[in-house]
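Participant: Residue strings, one per chain:
2 protein chains.
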Amino acid sequence: MPIARVRDVAALAGVSPGTVSNALNHPAKVTPETLSRIQSAIDELGFVRNDAARQLRAGTNRSVGLVVLDVANPFFTDVAHGVEDELGPADRPLILGNSAQSAARELTYLTLFEEQRISGLLITPAGNVVERLRRLRDRGTAVVLVDRLSRTRDFASVSVDDRLGGRLAAEHLLDVGRRRIAFIGGPLGITQVKTRLKAAQDAVARFGSGELVVMASATMDATAGRLAAEEFLALPRRRRPDAVFAANDLVALGVLQALTMAGVRVPDDVAIIGYDDIDFAASAAIPLSSVRQPAHEMGAAAARILLEVIADPDQANPRHTTFKPELVARASTRSS
Amino acid sequence: MPIARVRDVAALAGVSPGTVSNALNHPAKVTPETLSRIQSAIDELGFVRNDAARQLRAGTNRSVGLVVLDVANPFFTDVAHGVEDELGPADRPLILGNSAQSAARELTYLTLFEEQRISGLLITPAGNVVERLRRLRDRGTAVVLVDRLSRTRDFASVSVDDRLGGRLAAEHLLDVGRRRIAFIGGPLGITQVKTRLKAAQDAVARFGSGELVVMASATMDATAGRLAAEEFLALPRRRRPDAVFAANDLVALGVLQALTMAGVRVPDDVAIIGYDDIDFAASAAIPLSSVRQPAHEMGAAAARILLEVIADPDQANPRHTTFKPELVARASTRSS
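Taken in order, these protein sequences are the chains called E and S.
Residue 1 is where the first sequence starts when you use the UniProt record's numbering, and the numbers rise one by one after that.
Residue 1 is where the second sequence starts when you use the UniProt record's numbering, and the numbers rise one by one after that.
Just so you know, the hints here were simulated from the structure itself, not pulled from any lab data.
We put the CB at the ideal spot given by N, CA and C, even for glycine.
Treat the hints with care, since some could be wrong.
[As the list claims (entries may be wrong)] Negatives, chain S to chain E, calculated, CB over 10 angstroms: (1) Asp43; (2) Arg62; (3) Arg105; (4) Gln201; (5) Ala316; (6) His320.
[Said to hold, decoys possible] Okay, the calculated bits of chain E under chain S, using three or more residues with CB under 8 angstroms as the criterion: (7) 64-74; (8) 98-109; (9) 168-177.
Could you put the whole structure together from the sequences, leaning on the hints where they help?
Facilitator: Dropping the structure here:
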């Protein structure tokens with residue numbers, strides 16, 4: 001099938017190509033009767049506006065990109081649902097990119113989205129992309145950071161107080177009598193991981209007794225948790241930590257699964273707390289304690305801010321919304 | 001920052017705009033020395049090719065779209081991981097769209113991707129989109145159906161034998177002595193749901209005793225499962241089914257959670273089997289029986305076929321790969 005062009009639509013509707021162009025771009029300039037004739041011709045020919053041509057004129061298209069650290073982590077799909085709930089009514093399709101915590105993959109998406117001239121970008125950065133984000137913004141794409149506070153504060157952001165979250169997790173483990181805590185997560189360069197770890201270290205130091213050992217993982221999924229658990233099990237019994245603080249719930253669920261399969265009693269031998277409070281935390285074989293982040297609300301808030309920035313790109317003061325995390329204690333840290 | 005244009009790059013490199021254009025599109029025509037001068041100018045100015053202009057010439061861009069029924073379902077993120085494993089080395093970024101089982105949202109993505117002239121589309125259709133897909137293909141986008149066999153067989157596809165899967169689930173419940181099976185899933189118009197249900201009905205009919213009741217759900221997530229469980233619990237005890245076949249694991253996990261919270265014993269009072277065998281099935285409070293689909297392999301196979309179609313768009317015989325599902329029996333259907 002040949003691709004229908006504006007001139008084909010014009011010929012079928014019996015108007016000039018300029019009138020078709022007006023109908024597409026400035027419909028108020030065209031009479032309702034003509035509009036309806038042009039619409040019929042468009043339907044009949046299966047004409048689709050060439051977005052490439054339109055973007056050359058308009059500069060951007062209506063879509064919004066969301067780049068997440070792990071599309072398989074329910075935390076990020078909950079964020080995405082929150083975003084979709086706000087963008088849907090605004091008629092802006094959301095396209096998702098999965099950086100998989102890789103700075104190289106993240107750059108691939110930023111380049112693609114820059115080339116496609118999307119109108120808005122929501123991103124939880126994996127690498128150091130501040131300069132690239134500035135350039136995107138200079139080219140007319142609205143940018144909002146998700147789950148991350150911009151250090152330079154020049155991008156709007158929605159984040160959670162990860163220092164408080166890390167502290168809540170560590171203090172809870174100390175409260176239930178644990179003194180040797182393994183922190184499992186990584187890579188340690190990821191800001192969320194670094195901040196949660198630092199806050200936990202500070203909490204242990206303030207407490208005055210006890211210690212925190214770091215078991216860095218390469219990724220943040222259940223497989224990483226199972227691998228860390230094997231390392232854990234390779235330690236002589238008397239040197240094993242009596243608690244695990246996993247940097248997210250997927251890692252915690254992997255640890256829980258591998259430890260219980262090896263006969264370690266949770267929480268009697270080892271208490272485990274995760275982070276995020278994804279749906280699967282509560283329904284795990286041993287319900288998992290966690291630090292709840294309001295993922296859906298974060299996504300919705302980020303999308304609302306993005307729509308504001310799209311409407312008014314030259315806002316003087318970028319908005320920063322910070323949510324508070326909450327401790328959710330379940331069976332994995334409390335003997336019943 | 002003003003946007004750098006080809007002529008700015010040309011001026012800085014001391015060459016003509018035509019030479020810059022050659023360097024970008026036909027680098028073999030340009031001497032290595034000149035290429036290197038142009039590359040330096042590009043780096044210095046932060047020049048990015050305007051994809052819109054490039055697409056006008058080339059017809060498509062390198063990205064591949066994947067439209068899934070539910071981005072929060074680990075089955076689809078496993079499929080996406082399989083796709084990424086193949087597309088990454090081929091230097092083709094994957095962008096994800098979530099139709100959320102809505103035909104309207106699906107059309108929005110198809111329109112966006114058509115406008116953006118992506119080079120390939122992988123889709124698990126929600127609505128009747130055969131005509132739209134034909135048009136996309138006629139415009140140069142390679143199309144492969146995922147988790148769905150094209151009835152007309154004119155699109156390449158990767159699917160799982162859902163008839164066999166539905167039969168395995170129902171026969172297993174009959175095998176363990178259940179005679180009143182509730183099928184929970186929906187909307188019933190979704191092909192996978194319809195096929196699994198039909199196969200289960202046929203298995204019950206062949207068995208000769210027992211019955212299957214349909215409890216249609218509006219969606220296929222844990223919330224839908226919890227809602228169905230409430231309906232289940234509202235039935236008089238003697239009329240309650242003694243088994244549940246949920247059309248996917250998310251629904252099954254929601255049912256499991258709500259029934260156990262209400263004091264129903266699983267599997268003693270009610271046996272539950274899901275579908276997909278997502279990671280969370282094995283680690284549920286009561287490990288969930290399921291019908292395993294090889295999600296990651298399906299995604300990888302679909303991506304390999306897509307790359308073949310992109311390389312050779314006029315293949316005479318579209319390829320169809322069908323995987324076999326497997327029964328995975330766990331505690332939710334077997335008393336230990």
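Participant: Are the hints correct? Go through all of them and say.
Facilitator: Going through the hints against the structure:
Against chain E, the non-interface label of aspartate 43/S holds: every CB pair exceeds 10 angstroms, the least being about 13 angstroms. Non-interface call for arginine 62/S relative to chain E: violated, since the shortest CB-CB distance, roughly 8 angstroms, does not exceed 10 angstroms. The Cβ of arginine 105/S does not lie farther than 10 angstroms from every Cβ of chain E; its closest approach is about 8 angstroms, which violates its non-interface assignment. Distance check for glutamine 201/S against chain E: the nearest CB is about 29 angstroms away, which clears 10 angstroms, and the non-interface claim stands.
For alanine 316/S, the requirement that its beta carbon stay farther than 10 angstroms from each beta carbon of chain E is met, with the minimum near 19 angstroms. No Cβ of chain E comes within 10 angstroms of the Cβ of histidine 320/S; the nearest lies about 24 angstroms off, and the non-interface call holds. Proximity of the segment 64-74 of chain E to chain S, defined as three or more residues with a beta carbon under 8 angstroms from a beta carbon of that chain, is established by the 4 residues found. Residues of the segment 98-109 of chain E lying with their CB closer than 8 angstroms to a CB of chain S number 5, which satisfies the three-residue condition for coverage.
Check result for the segment 168-177 of chain E against chain S: violated, 0 residues qualifying (beta carbon to beta carbon below 8 angstroms, three or more required).
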